[in-house]
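Which chain is which? The protein sequence lines are L and X, in order. Taking this note's numbering, the leading residue of the first sequence gets 1, the next gets one more, and so forth. Taking this note's numbering, the leading residue of the second sequence gets 1001, the next gets one more, and so forth.
Since the hints were derived computationally from the structure, they do not count as laboratory data. Any given hint could be a false lead.
Said to hold, decoys possible - Here are a few chain X residues that face chain L, going by a calculated C-beta distance under 8 Å: (1) A1012; (2) L1040; (3) A1042; (4) I1050; (5) L1059; (6) E1064; (7) A1074; (8) D1125; (9) R1129; (10) L1136; (11) D1138; (12) L1140; (13) S1141; (14) H1145; (15) G1173; (16) D1239.
Unchecked claim - Now the in silico label distances, taken between C-beta atoms and shown as ranges: (17) X/I1008 x L/Q24: 20 to 28 Å; (18) L/Q183 x X/I1008: 22 to 30 Å; (19) X/K1162 x L/A182: 46 to 54 Å; (20) X/R1038 x L/R185: 15 to 23 Å; (21) L/K186 x X/Q1224: 40 to 48 Å.
As the list claims (entries may be wrong) - Pairs of lysine to any residue, SDA-like flavour, derived with a Cα cap of 20 Å: (22) L/K152 x X/K1245; (23) L/K152 x X/S1023; (24) L/K91 x X/L1018; (25) X/K1154 x L/S167; (26) L/K152 x X/H1052; (27) X/K1154 x L/K128; (28) X/K1193 x X/K1245; (29) L/K125 x X/Y1056; (30) X/K1154 x L/T164; (31) L/K152 x X/K1066; (32) X/K1066 x L/S167; (33) L/K152 x X/D1152; (34) X/K1154 x L/K125; (35) L/K128 x X/H1052; (36) L/K152 x X/G1153.
Where a beta carbon is used, it is the ideal one built from N, C-alpha and C, also for glycine.
Below, each chain spelled out in residue letters.
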Amino acid sequence: MDAQVWAAGQTLRTVVLPVQDREQFDELVLPHLRAAFNLARWLLRSREDAEDVTQEALMRAFRFFGGFRGTDARAWLLQIVRNTCYTWIEKNSPMASSVEFDESLHLSQMPGPEAQAVSGSEREKLAKALEQLSPRSREVIVLRELEGCSYKEIAAITAMPIGTVMSTLARARERLQELLGAQARKEAVRDL
Amino acid sequence: MTCEENRIVLHAYLDGELDASRSAEFEKHLEGCTVCVRALEAQESLRSAIQHANLYEPLPGGLEAKIRRQLRGASAASSATKIFAWRWLAAAAALLLVVGLSWRYVPKRVDSGLSESAFASEIVDAHIRSLQPGHLTDVLSSDRHTVKPWFDGKVVFAPPVKDFTEEGFPLIGGRLDVLEGQNVAALVYGRRKHFINVFVWPQRAGETEQYAGSKNGYNWISWQQGELRLCAVSDTNRDDLAALKDLIAR
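Start from the sequences, fold in the hints, and give me the full structure.
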């Protein structure tokens, strides 16, 4: 029975958007593509996966665009990107969503040549430490420090109360400092 | 204020998220507390290191063009799909009627801009997401007098919060969630070893009265209750969901 129901449902996957909605979508949502990709890349720790998930998220956003009534298209899109990322993590590496990253399994992502030229080693160190944080900690840092979101915007994107945003961010920054400190100590020992 | 409280306040101060009076209060605390002064300096230098490290990830070349192509494809294909889909749905509905379903399936969510299967994916994804560690509840309480007021000011409607421990569905708590890009209330109930999420949002025009389905082993049932729409989803069986629905609607 379900098979029939879903077979019928499947054909409805694409939802009709009038042309003016399509144009509005291009105008309101597409300018935030870079923010979408940046969040996905940091949540998934991979440019390739982020590319796939960003595409999927944009298609989902397009399907749901009829229901968008707000004024903040960036927060709305990032909400969808975040949810798509967590669904992806859950499917592909269920453990990763709750635990901190195991450094020994870490295959370092090469930064773009442009970024590398600016500050090679400093960027690498920070990126490595950031990737070791749990996704929940990483996302608040990315939204606050890279995206410049207010606490209110972060609360809307992550569906967390503002108080939780504040304490998560505090813990995430403290943890980031610890990780950077540990890196520095390791380097000092190696240099001896 | 103690230093422990200030550990968090310090970040809100750094981010310019404190109001004037709390800001002044914290600055006063800083005058006499070298621990907090040092912590603030350390955080400021971390922030400036992040700002200078250029961590913002550049967009891969060609991604935007690829997405624009997909979007064009999606909107061009849709009008043809719609007519085609309705034929299928008519056939499926007739078939289901003949089979004599006890569960009413109403294949109509086109008006709300989302297909039945996309809705099922969304609701099941939200349920799975909630089961990740630390994500089931924002407010953990079996007391409806704690859970209900928690939603005040977080959502613009009042979700029906009741505990059914005696009936075998203990209320575990509540949280905010996002469905179809909108904030919804989620009530969490236990059923033996299973969790049931009951999502609540304001009823929208064009939504049908009651529908249900299953996907990847998760069942869901959605119904209208006054001005609200509710949807219960879980890996527990349909009878349990129907029983909970009857309790909530009672």
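Each hint tested on the structure:
Hint status for X/A1012 relative to chain L: holds, with the closest Cβ pair at about 6 Å, below 8 Å. With its C-beta approaching chain L no nearer than about 11 Å, X/L1040 sits outside the 8 Å limit, and its interface hint is violated. The beta carbon of X/A1042 comes within 6 Å of a beta carbon in chain L, closer than 8 Å, and the hint placing it at the interface holds. Checking X/I1050 against chain L by beta carbon gives a least distance of about 5 Å; that is within 8 Å, so the hint holds.
Evaluation of the X/L1059 hint against chain L yields a held restraint, the C-beta minimum of about 5 Å falling below 8 Å. Interface restraint check: X/E1064 against chain L, minimum CB-CB distance 6 Å, threshold 8 Å, status holds. Because the beta carbon of X/A1074 sits about 6 Å from the nearest beta carbon in chain L, less than 8 Å, this interface hint is met. Satisfaction of the interface hint for X/D1125 is found here, the shortest Cβ-Cβ separation to chain L being roughly 5 Å, below the 8 Å cut-off.
Against a cut-off of 8 Å between C-beta atoms, the interface hint on X/R1129 holds, since the closest Cβ of chain L lies about 6 Å away. Checking X/L1136 against chain L: minimum C-beta separation of about 12 Å lies over 8 Å; hint violated. Interface hint status for X/D1138: upheld, as the beta-carbon distance to the closest one in chain L is roughly 6 Å, under 8 Å. With 8 Å as the threshold, the beta carbon of X/L1140 stays out of range of chain L, its nearest partner Cβ sitting at about 13 Å, so the hint is violated.
Residue-level restraint check for X/S1141 is violated (minimum Cβ-Cβ distance to chain L is 15 Å; threshold 8 Å). Nearest Cβ of chain L to the Cβ of X/H1145: about 19 Å, over the 8 Å cut. The hint is violated. Checking X/G1173 against chain L: minimum C-beta separation of about 13 Å lies over 8 Å; hint violated. The criterion of a C-beta within 8 Å of any C-beta in chain L is not met by X/D1239, whose closest approach is roughly 16 Å, and the hint is violated.
At about 40 Å, the CB distance of X/I1008 to L/Q24 disagrees with the hint of 20 to 28 Å. Between L/Q183 and X/I1008 the CB atoms are about 25 Å apart, so this pair conforms to the stated range of 22 to 30 Å. A hinted range of 46 to 54 Å for the beta carbons of X/K1162 and L/A182 is consistent with their spacing of about 49 Å. Distance hint check for X/R1038 and L/R185: the Cβ-Cβ separation is about 19 Å, which falls inside the suggested range of 15 to 23 Å.
One distance hint, 40 to 48 Å for the beta-carbon pair L/K186 and X/Q1224, is violated here, with the actual separation near 59 Å. Distance hint between L/K152 and X/K1245 is unfulfilled; the C-alpha atoms sit about 34 Å from each other, more than 20 Å. For the given pair, L/K152 sits about 18 Å from X/S1023 by alpha-carbon distance, which is consistent with the 20 Å threshold. Between L/K91 and X/L1018 the CA atoms are separated by roughly 39 Å; this puts the pair beyond 20 Å, and the hint is violated.
Distance restraint check for X/K1154 and L/S167: the Cα-Cα separation of roughly 18 Å lies within the 20 Å cut-off, and the hinted pair is therefore satisfied. With a CA separation close to 25 Å, the supplied pair L/K152 and X/H1052 exceeds the 20 Å bound. Our distance criterion of 20 Å between C-alpha atoms is broken by X/K1154 and L/K128, whose separation comes to about 36 Å. Distance restraint check for X/K1193 and X/K1245: the Cα-Cα separation of roughly 18 Å lies within the 20 Å cut-off, and the hinted pair is therefore satisfied.
Taking the CA atoms of L/K125 and X/Y1056, the gap is about 15 Å. The hint holds against a cut of 20 Å. For the hint pairing X/K1154 with L/T164, the CA-to-CA distance comes to about 14 Å; that is within 20 Å, so the pair holds. For the given pair, L/K152 sits about 32 Å from X/K1066 by alpha-carbon distance, which is inconsistent with the 20 Å threshold. For the hint pairing X/K1066 with L/S167, the CA-to-CA distance comes to about 39 Å; that exceeds 20 Å, so the pair is violated.
A threshold of 20 Å between alpha carbons decides the hint, and for L/K152 with X/D1152 the separation of about 17 Å falls inside it, so the pair holds. The straight-line distance between the Cα atoms of X/K1154 and L/K125 is roughly 39 Å, outside the 20 Å bound, and the hint therefore fails. Of the supplied pair hints, the one linking L/K128 and X/H1052 holds, its CA atoms being roughly 15 Å apart against a limit of 20 Å. In summary, the hint linking L/K152 to X/G1153 is supported, as the alpha carbons are separated by about 13 Å, within the 20 Å threshold.
When the structure is compared with the earlier hints, violations turn up for hints 2, 10, 12, 13, 14, 15, 16, 17, 21, 22, 24, 26, 27, 31, 32, 34 and for no others.
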